[in-house]
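Those sequence lines, one after another, are chains C and B.
Going by the working numbering, the first sequence opens with residue 1, and the numbers climb by one from there.
Going by the working numbering, the second sequence opens with residue 1, and the numbers climb by one from there.
Hints in this document: simulated from the structure, not taken from any laboratory.
Be aware that a few hints might be false.
Said to hold, decoys possible - One side only, chain B facing chain C, incomplete, derived with CB under 10 Å:
id, residue
1, 124
2, 151
3, 152
4, 154
5, 215
6, 383
7, 400
Claimed, not checked - Here are the simulated BS3-like cross-link-like pairs (lysine-lysine), alpha carbons at most 25 Å apart as the crow flies:
id, chain 1, residue 1, chain 2, residue 2
8, B, 343, B, 270
9, B, 198, C, 179
10, B, 270, C, 179
Note that the structure is a prediction, hence the values are computed from the model and not measured.
Here a beta-carbon is modelled for each residue, glycine too, at the ideal position from N, C-alpha and C.
Residues per chain, in single letters:
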Amino acid sequence: MTAYLLKRLAIAIATLVLASIVVFAVLEILPGDPARLMLGLNASADQVELLRNQMGLNAPLALRYLHWAGGLLSLDFGRSYTYSVPVIDLVRERLAVSLPLALIALALSTIIAIPVGLFSASRRGRAGDTVAMGAAQLGVAVPNFWFALMLIYVFAVWLRLVPAGGFPGWSAGVWPALKSLLLPAVALALPQAAILARVTRSALIEVLNEDYIRTARAKGLPHRAVLWRHALRNAMIPVLTILGLQFAFLLAGTIIIENVFYLPGLGRLVFQAITQRDLIVVESVVMLLVAAVIAVNLLVDLSYAVVDPRLRSRQ
Amino acid sequence: MKLWKTILAAAVLSLAAGTSAFAARTDLVIGIPLEPPHLDPTAGAAAAIDEVLYANVFEGLTRIGSKGEVLPDLAESWTISDDGKVYTFKLHTGVKFHDGTDFDASDVKFSLDRARADNSVNAQKGLFAAIDTVDVVDAATVKVTLKNPQGSFLYNMGWGDAVIVAPESADTNKEKPVGTGPFKFQNWAKGSSITLVKSDNYWGTPASLDKAEFRIVPDAAAYVPALLSGDIQAFPFFDADSVAQVKDDPRFKIVIGATEGETILSINNKKPPFDKLQVRQAISYALDRKAIIDGASAGLGVPIGSHMSPANKDYVDLTGRYPHDVAKAKELLKEAGLENGFKATLKLPPPTYARLGGEIIASQLRDVGIDLEIIPVEWAQWLDQVFTKKDYDLTIVSHTEPNDIDIYSRKDYYFNYDNPAFDKVIADLGVTSDEAKRKELLGQAQKILADDAVVGFLYELPKVGVWDAKLQGLWENAPIQANDLTKVKWSE
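Chain C extracted, bound-state conformation:
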């Protein structure tokens, strides 16, 4: 177990170092000068040069990389070129939206997907299965921005139950803030739930064909107990893998939904930073996301060991 952990940790660190080099290099190659973008069309070349110096953009490449990477080690993410505030403050503000949103969406998608998957698998080939999987197919196929707009028209414009968009901030109270995250969370959760339900179903079907399921049935266990206690637990590994991937996606890959609901989330921060060539923000946020993905993967790996005792005792 310890060796397994150490190996995972070493891989994680190597990935982080590699990622930092790639991220930095790619953004350096990207054409576009942040100073020119800030000053616009009317500024002279001298002035752009002056601002470049003030922003520290004229230092040698290697030096800037070391400065930035060194900062990351001491958890100093630098200052945003455009906002001129510490990157960490920006990230913290955005996480206050993105993290709850991702968690609510993930919870919703799990609550919908696991029962549907169980239902479908236990009725394989019957009408209920066909309907449920048809719905899941639809859920995967419907573009989520369209679904989001439909939700807005029904719940915000017509029923006026929730705001059409925007985020009042947690300072406005927990309920108003949660209310503004509700529709986006549903819009995000639905396609994820559809995918998760399909994965759950196929994993379960595979497990249900195993010998030990027949044994369990033979010793007289009720259908429900077989399904929940024996089948689901063994089918969890692919489901957990997908959940891990989905969490990483929900944290930063939700730019479209953030735009439709004009939420100040992490995805929009990165997108805006890229268009404004706020390189330091892009670099630091991407690194944070890399770290988050690695951490989630690590957690998923560990959770395999929790659901599957064989992995625990192997070494």
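Given chain C's structure and the hints, the job is docking chain B onto it.
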């Protein structure tokens, strides 16, 4: 049920208003597409900064009015010496900054000196280039001496980049702007909204609104639902393609005005074959402006024939200089020795007018034998490749700065255009303050650009505003990019 709801709503509203049951509301939520990178108009070119702060929080010596005219602002009046070089401004007294400090002549000197200092990164430093010295005569009088007479000096002082700031707060304006305007800054929820509230100790006519929130809505798809749900009551810069969705709704007012955005097909004048006049003229003849406006701007937008807004008082209509004439265009190409046509590239930045307009222009130029390869680019790439390195053949862009015809005389500007006769007109203009003479010179300048077919002049970008029908006082036109809320109020 419905009646109860109405009664309840009325009761709540009257409680909130605190005065009478019929008092008009005094808060406003305005949707803006882009978030300002920071809140200091003297330190960045982003139009979004002025769209929130200009005239609302910050004021200059002069200001630009809704029709593009120069109005007195912090300067109550001024006198100009006979040689046109010395401007003496009489300032309003009893003016306070929002942090309670007093405004006087020393703040004017500080602001102007700061903007033109060697280490200044003011995005429009050129506005201050003519200033020689700024002297404080007394607390309410300031004397600005110019190196040479400058016709546009009072206009220049009305730009957002020339607003007056206080030495105590200048360095923190990016985060916490402190000005002298009728609104003071309250809160900036990054990525989400910026809130201004009425200033209690404003020197002039106080604002009608108590609170104005600028909410950032980047995606045009969200505009209509936000209006319909009542979350946002005004989009001063609406999306032209979405107008049809609210056109017939009596709850909203749709206001089509003019901007200062000359949308042009820029041509690299030094790159063969575009260095030949006939080729550029052929392009101008090949363009069908109406089709471009219909396709790229939902039919909104006024055709232009040179680099001047039709809303401008000095505008000369030159749209008839090159009517849409394919045969004439082919003939000119033949004269230039290119009867078999040629290939070129067209680099398109992200705005819709460029991306959609580009497709249409490519097909129009194909009709005369010019085969364009379309290359979509991001803004950052555009600034780098096209604007800075001049590595392009053709591109489409809207030049949104007001009164910017002088860009064609700038050395090393990305058009690569060089005509001493034009430079002379602009130089004369720079030292002329007589209105009639300026008009004549500006007319000449427009005509030279049209004759030389420097670029393909397309149309003036429209300002499409959509807001609640009960809202009054928002600007119809955009002579500068601003959302002046000083006269905005709710009717009833």
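Hint check results:
Taken as an interface hint, residue 124 of chain B checks out: its beta carbon lies about 5 Å from the nearest beta carbon of chain C, inside 10 Å. Against a cut-off of 10 Å between C-beta atoms, the interface hint on residue 151 of chain B is violated, since the closest Cβ of chain C lies about 18 Å away. A distance limit of 10 Å between C-beta atoms decides the matter here; for residue 152 of chain B the minimum to chain C is near 14 Å, and the interface restraint is violated. For residue 154 of chain B, the shortest C-beta to C-beta distance to chain C is roughly 19 Å, which exceeds 10 Å, and the interface hint is violated.
Below 10 Å, beta-carbon pairs count as interface contacts, and residue 215 of chain B has one with chain C at about 6 Å; its hint therefore holds. Among the interface hints, the one on residue 383 of chain B holds; its C-beta lies about 5 Å from the nearest C-beta in chain C, closer than the 10 Å criterion. Interface hint status for residue 400 of chain B: upheld, as the beta-carbon distance to the closest one in chain C is roughly 9 Å, under 10 Å. A threshold of 25 Å between alpha carbons decides the hint, and for residue 343 of chain B with residue 270 of chain B the separation of about 16 Å falls inside it, so the pair holds.
Among the hinted pairs, residue 198 of chain B with residue 179 of chain C is inconsistent with the structure: their alpha-carbon atoms are about 29 Å apart, more than 25 Å. For the given pair, residue 270 of chain B sits about 58 Å from residue 179 of chain C by alpha-carbon distance, which is inconsistent with the 25 Å threshold.
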